[in-house]
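Undergrad: The residues making up each chain are set out below.
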Amino acid sequence: MKEKGAKLRREVTTWGSFTWGYADVGADVYVALGLVMAAAQGATPLAFLIAGIIYIMVGLAYTELASAYPVAGGGQYFTLRGLGDFWGLVAGAALMLDYTVDVALFAMASAGYINFFFPQVREFGMTIGPFHNVNLIWMAETFLLITILAFLNIKGIRESSLLNELLGALDMIMETSIIFIGFAFAWRPEFLLHQWRTQFPTVEKFLYGISIAVISYVGLESVSQAAEETKRPTAVVPRTSMALIIVVLMFALAFPTVALGILPWQDIASREGDPVALLASKLPFVGFLAGPAAAILAATIVLISANTGIMGASRLAYGMAEAGLIGEGLSAVHPRFHTPIRAIMLFSGVAAAEALFAFLSGRKAMDTMANMYAFGAMLAYFLASLSLVALRVKEPHIPRAYRVPFNIRLKGIEIPIPGILAIIGTGTMVIIVLLTHAIARVVGPLWVLVWVIYYAWYRVRSGKPVFRSLPRDWNKEQLRIFEEAGEVESLEKLKWELARKGIAVQ
Amino acid sequence: MGHPLGVAIAFSFVVILLVVITWMLRLPKPAPPEVVKAIYSVEAVRRILVPIIEGVYSERAVELACRLGERQNAHIILLHVIEVPYTVPLDAPLPELEKKGKKALETASFIALQHGFKPEVHLIRHRSASEGILSLAKQSAVDQIVMGIGLKKTSYGEGIGRTVREVLRRANCEVIISKIPVGG
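Just so you know, the protein sequences line up as chains A and B, in that order.
The opening residue of the first sequence carries number 1 in the working numbering; numbering runs sequentially from there.
The opening residue of the second sequence carries number 1 in the working numbering; numbering runs sequentially from there.
Misleading hints may appear alongside valid ones.
[Said to hold, decoys possible] Result set (EDC-like, lysine to aspartate or glutamate): computed pairs, CA atoms no more than 20 Å apart in a straight line:
id, chain 1, residue 1, chain 2, residue 2
1, A, 495, B, 43
2, B, 118, B, 63
3, A, 501, B, 174
4, A, 464, A, 328
5, B, 103, B, 83
6, A, 394, A, 497
7, A, 231, A, 159
8, B, 37, B, 174
9, B, 29, A, 11
10, B, 102, B, 59
11, A, 155, A, 267
12, A, 495, B, 34
13, B, 37, A, 484
14, A, 394, A, 473
15, B, 138, A, 497
16, B, 37, A, 497
17, B, 37, A, 483
18, A, 476, A, 322
19, B, 29, A, 484
20, B, 118, B, 131
21, A, 495, B, 174
22, B, 29, A, 483
23, A, 501, B, 43
24, B, 179, B, 59
Keep in mind that the hints were calculated from the coordinates and are not lab data.
With the hints as constraints, model all of the structure from the sequences given.
TA: Structure (structure tokens):
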């Protein structure tokens, strides 16, 4: 049934690559808006802007890295290559936390929005042992959605990508409509300024707001994860990444700006589950349609985000297994569907377990999940940004279809200033998350620790070093990557560079 | 309609979004592999050696080398070899030849500087010009040698002198000969 040696198939188009990222982002803004508003209050657009500046720096780093190394694994692979096996494992653990939380949180939210049309189901609750008010029907719906998405992902990247492409386009049209109608017909700049002046938060709340706002920007990682299955990755990935940076920034800044020019922040914060639905209901002309339309919009957005989570988690596990960081059985690819079937099944199961935990933990579930999400994202982004600089030093000869601009030259090596700023920005955010998020401060590092323990056990058992990296011929690996991607130009460039440096590749 | 600023933001938002998406989707067509190989084999030339052999032809060779290396910002190496006869020691004073060589290199450097290059200049002594060229080419790991010559009758046949023939025969890198008829 499963075959080691079968490869992932290149079926992701330009629009597909873009929507893998946008799918994450569309839903993240949807969830983050209410949570950030509750913390950053009248300064919410500023919180999104500060988080956005860090995102631009990280985004540029990801654009360079994903176009130079178009393989499954994303930030984990870049870290493995730049900083070594151990830190690659830490980055992988942080990203895995994000992807599985993404699946659990958004499958749960999608089922919740579907239940907008079935109020009895939404209100249903029963007591199971020490747990009160557990909605078993909603939980069953969530598990069903995760199962369907897992099946779709096993079936093939084309099928799961098609779902994202269609729903992503629909969501973008609907979100653009809300922003356009909101700004053109209902927005009052004086009301926004009034809230800015009178409702500015405390420093601690503002920092908390920024640390939650960063979850709106988790999406570039998905583009990198799908790079190994993207057609012409060195041409497509830089374009989709750059477009994603601009588009996501536009949406992330437009939503809080338009919302605070129409509604008091308290109203939006009180609807942390569906703030965009509330915003839509206050719009002229379309307000009467807002309830059902926003429910459908939300259900689809969060569903494709969950879909992205399954793709991301499975490709990440595939990449880690290929690199010898975790059990190699997880890199098995289905011979017919060409998808990492074991990784999809295992991490869909982990996501389902997290959803179960969320259902049992009650109303704080969404905030808890968002905290964990922010911790995982910032830790992984910090390591990926470090890797950008490390790889500029270690592998300057690898052709990069895109290079981060504004470099300083040190001993013949170009060090990107935005990369340095990304390291400082994401490093600061990790500290802020740990200082301001009570649950993430404990559960986040604990999750990473569990992975490190498993990693140490696996490496010792398989006779591999724990803290040292495995010997690898990265030049040979890079030639293989470009060859398999059909990237003739990069391949030729690398061959010339290696020949010029007198590096022989076996 | 609402506030004029809101209307302006709304339209700007849609226009920017459409421009970005359109730019993203309009990918340039990939070049066929054989074309890429041909293009890159030229782009990969990063170190070009121009031996200054004779007057106007060598100056034209420098101009050609600069144009060939412009796109990839190649490193230009200019060389003049003073051929010292076996009858005198290698370090014997040869002021006339030295002066002539320096002058030729100054002119060649001027051309390279005009193109924005900072050329590496070598004035060396050797028993054989071709040996001097080949030895520097190897030592500096050059990718290409560009030589300019005039068409003239020699004892080795028409047009190509001994130095050029030796370089052509023994060089381990690409050699481009720019041959111009005398008076051309």
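Undergrad: What hint numbers does the structure not satisfy?
TA: 11 and 20
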